[in-house]
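Engineer: Protein chains in written order, with the working numbering: chain A, 94 to 438; chain B, 2 to 239; chain C, 43 to 326.
Hints are computed from structural coordinates only; laboratory data are not their basis.
A few of these clues could be false.
[As the list claims (entries may be wrong)] To give a feel for the contact side, a few chain B residues facing chain A, derived at Cβ under 10 Å:
id, residue
1, G53
2, T56
3, G60
4, V78
[Claimed, not checked] No farther apart than 30 Å at their CA atoms in a straight line, the calculated lysine-lysine pairs in the DSS-like style are these:
id, chain 1, residue 1, chain 2, residue 2
5, C, K158, B, K73
6, B, K14, C, K131
7, A, K289, B, K110
8, B, K110, B, K67
9, C, K131, A, K422
[To be verified] Partial pick of chain C residues on the chain A-facing surface, computed with a CB cut under 8 Å:
id, residue
10, I138
11, Y145
12, I146
13, E149
14, L150
15, G204
16, W258
17, F262
18, G278
19, V296
20, G300
21, I310
22, L314
Glycine included, every Cβ here is placed at the ideal spot set by N, Cα and C.
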Amino acid sequence: MSRLAFSKPSKLKRVGSILPALFIAAIYMLLPTFGLRGFWLDVLTRVNIFLLITLSLDLYSGTTFYLNLGVPFTVGCAAYSLALLNRYLGVPVEYAILPSAAISLVLSLVIFLPSLRVRGAYFSIMSLLLPIVMAGIVTSQPFSLYLGGEGGITYSPLFFSYARGLPVKERAFFLQSTYFYISSIAAIIAFIVSYKVAYSDFGFMMRSVGQDELLAEASGVNTVRVKLVGFLISSSLASLAGSIYAAMRPPVTVDVFIPANTLVPPLTAVILGGMGTIVGPTIANYFILLVYEALWDVIGRWRVVLYMCLLIVLVLLRPQGIVYYLYTKLKRLVSSKIAELTAGV
Amino acid sequence: MVKLLVCDSVTKKFGGIVALDKVSLEVSKGELLGLIGPNGSGKTTLVNVISGVITPDEGRIVFEGKDITRLKPHRRVALGISRIFQGMRVYPYLPVYYNVSLSARSVYKDARLARAKTTWALTITRLLAEAGELPINLTPYKLRMVELARALVTGPKLVLLDEPFAGLSPSEIDEVIEIVKKLNENGLAFIIVEHKLRYLMKLVNRVVVLNEGKKIFEGKPDEAVSNEEIARVYLGVL
Amino acid sequence: MEELKYILIFGSFHSLTYLVFSLGFSLVFGVARLPNLTYGALYVLTGYSTYVFLNYLNTPLYLAVPVSILLTAAISLAIGESVIKPAIKFPVSVFITTVAVAYIFEELFSIQMGLKPVTLPLYPGTTSILGIPVSNHWLLITAVCLAMTLALLAFLYKTSTGKAIRAVAESWEESMRLGINPLRVLRATFLISGVYAALTGILLAPLKALTPTAGWSPLFAAFAIVVMGGIGNILGTVVASLVYGFIEQSMVYVLGGGIARVAPLILILLILVFRPHGLFGRGE
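Working from the sequences, and respecting the hints, build out all of it.
Structural biologist: This is the structure in structure tokens:
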């Protein structure tokens, strides 16, 4: 069983890979206390939240091979639900995060349900269509009257009422670092959940659907149920990302539905990382998004063109991705080094 | 005798072509039924209809007294109908173990039972040593064994084999036959679609011959061999 | 009553343009078994390239239009050969590459041409139909679209390439047994569907504002129509185009243009809920 491609690692090995991960996570969480401030702290917060979107995409599309281009729809619905709950029902954003994520989850499920029941191109077409329709709706009459139009909906962000009680000088850093901690914890939880699901029996059932859906169905797998539950778990990550991000960064505008903002970087991260591997896309997420942010000052909107070209080249030449491959190489190298060192003892 | 499976005048049309024309068929418990006929005679369509991959336009399918005509494929697997596909059909990027265990896990709610069943199925098909291999590293014979293990792991009462001997050497075919015989002794029924009649006729108790979607013969294998109409349909093959 | 007339007249016009646009889309869909997500971008591309020829390079109209059409057909072929054909066995890869190409075009248009709508010259004059003034441009469109539909039918049923396309759309295996190379046929469909996207793009650009995202809505309409009508089923496609054209125009005149954006969504959902199986016209 040693060559089991997706096997669960042994206990000792697991400890061996958890410890470094914990160490990196701890260092990462301490960045604000080490003096990280301002723009890049905000960027890291953003990247943390984008990890939820990347994992959402990887967990469903990376295993079932049903491309979900509708991630911006789920993210955007959650963001708009939060804003609308706040504006029309007066719910403070602190309490609106979970309800708005739930609303978006239900909306996504209802609208995608018919296309999850069948095989073929429907799901991807539906998913491509929905963000475009939503972007049209929120900016056109009569909906724009209620949804804020081009300017979007604004409100006071997460913990703002508390921050107002602080001295003026401390306010900005308090909010920034709090958001960073929240987003980091969300990212870590999302990673653990995605990893557990992707490498569970259920995760392998999703993979069987991706590799031969007819065969899976004919040999006992309830493919519709697998797709449904997989979509539910994956979309709850995307919904949470939308709600948390909106709670931290008012106003909510039509931008959330635009693929260049909420789909292009996660999709590139998933492909570069290696579809369905969770670890690969997670590492790629940080790399891809930080570069994406940095590129804005250098080439502006051309960064989308650049990323899409990268995506095409990767898909055609190396559909299995790069990061996960490098990661396993590195891990093997490290463990052989350790074996070498301990052999002498 | 207890009827395990009854197909009652099953009809299926694709566009203008009649793939199955009022085909009726009965399989008893523990029977070995051969299903033969020239290319395009509707054999695979019949297997697809029984396993639920396609639904018939007319007719009924009854399994152990229960009407399953409109039942989804995975529910039929749970009831006890397994199949293998034509050609070597496996999940290309999943190791042998998962190729087999996922079916078990779908049918048995208890994870430990599913694992035990998987080990059992891998043992009879002599795949334990290859459990961690990816299908790409396996020989056609081993791939056929993976398919067989996946069909058996769900605890079927009836197994549909679509061309199980295709692509195998004579000695490998003999091994497949041996496994089928052993399982059959334990009460498992088979429907076997096969072109290699030399091997099939020795194995089965009864044959059904299809031609252009119609059942043209049903009876003992040796009667089939001497039947003139079958010889005409199979001109040059027998 | 007045609205009913509008719906009747413009519903017919739109149905016809959707029919032609969908026929081009269904060629690749039928042969490759996958929707070509760049098809909407090709539609927009032709409009912009004609606009650039006319306004920046001062090319006369009679030259700008054919050159743009040829350019789009060539680009369609290049896209098909470079990002669809190599990945044809892996649907998810084709989805990713084609949507990436579509996003690239969208960004290029909005970087270079901006988000402000652009228009092309309109065929002058109006004619009164049932008492409603209709731009002569619609009559031009009708003539061209009818000609293109008939031309495609003649091509599919009379020429050997056309027959090969139909054979491959029916079954790859069977056509290969008959000595047809499906990949060669696929190349032909890239070229022809490029021409159809281009022509509809040029014809409609003067009436609809041309924006970088204008191609998505017709793409989804084409998908809905082809799926509803059945791939390779010409009569079905005609009926589906009529259904779609009238539904959309009714929504425009009764509920307003904003809500009409959801027309393709509603249609695809209706298909999915009521007729999800057998729409592709093939058994397993």
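Engineer: With reference to the structure, classify each hint as holding or not holding.
Structural biologist: Cross-check of the supplied hints:
{"no.": "1", "hint": "G53", "in the structure": "holds (7 Å)"}
{"no.": "2", "hint": "T56", "in the structure": "violated (13 Å)"}
{"no.": "3", "hint": "G60", "in the structure": "violated (20 Å)"}
{"no.": "4", "hint": "V78", "in the structure": "holds (4 Å)"}
{"no.": "5", "hint": "C/K158 - B/K73", "in the structure": "violated (52 Å)"}
{"no.": "6", "hint": "B/K14 - C/K131", "in the structure": "holds (28 Å)"}
{"no.": "7", "hint": "A/K289 - B/K110", "in the structure": "holds (19 Å)"}
{"no.": "8", "hint": "B/K110 - B/K67", "in the structure": "holds (23 Å)"}
{"no.": "9", "hint": "C/K131 - A/K422", "in the structure": "holds (29 Å)"}
{"no.": "10", "hint": "I138", "in the structure": "holds (5 Å)"}
{"no.": "11", "hint": "Y145", "in the structure": "holds (5 Å)"}
{"no.": "12", "hint": "I146", "in the structure": "holds (5 Å)"}
{"no.": "13", "hint": "E149", "in the structure": "holds (5 Å)"}
{"no.": "14", "hint": "L150", "in the structure": "holds (7 Å)"}
{"no.": "15", "hint": "G204", "in the structure": "violated (24 Å)"}
{"no.": "16", "hint": "W258", "in the structure": "holds (5 Å)"}
{"no.": "17", "hint": "F262", "in the structure": "holds (5 Å)"}
{"no.": "18", "hint": "G278", "in the structure": "violated (17 Å)"}
{"no.": "19", "hint": "V296", "in the structure": "violated (14 Å)"}
{"no.": "20", "hint": "G300", "in the structure": "holds (4 Å)"}
{"no.": "21", "hint": "I310", "in the structure": "holds (6 Å)"}
{"no.": "22", "hint": "L314", "in the structure": "holds (4 Å)"}
When each numbered hint is compared with the structure, violations occur for hints 2, 3, 5, 15, 18 and 19.
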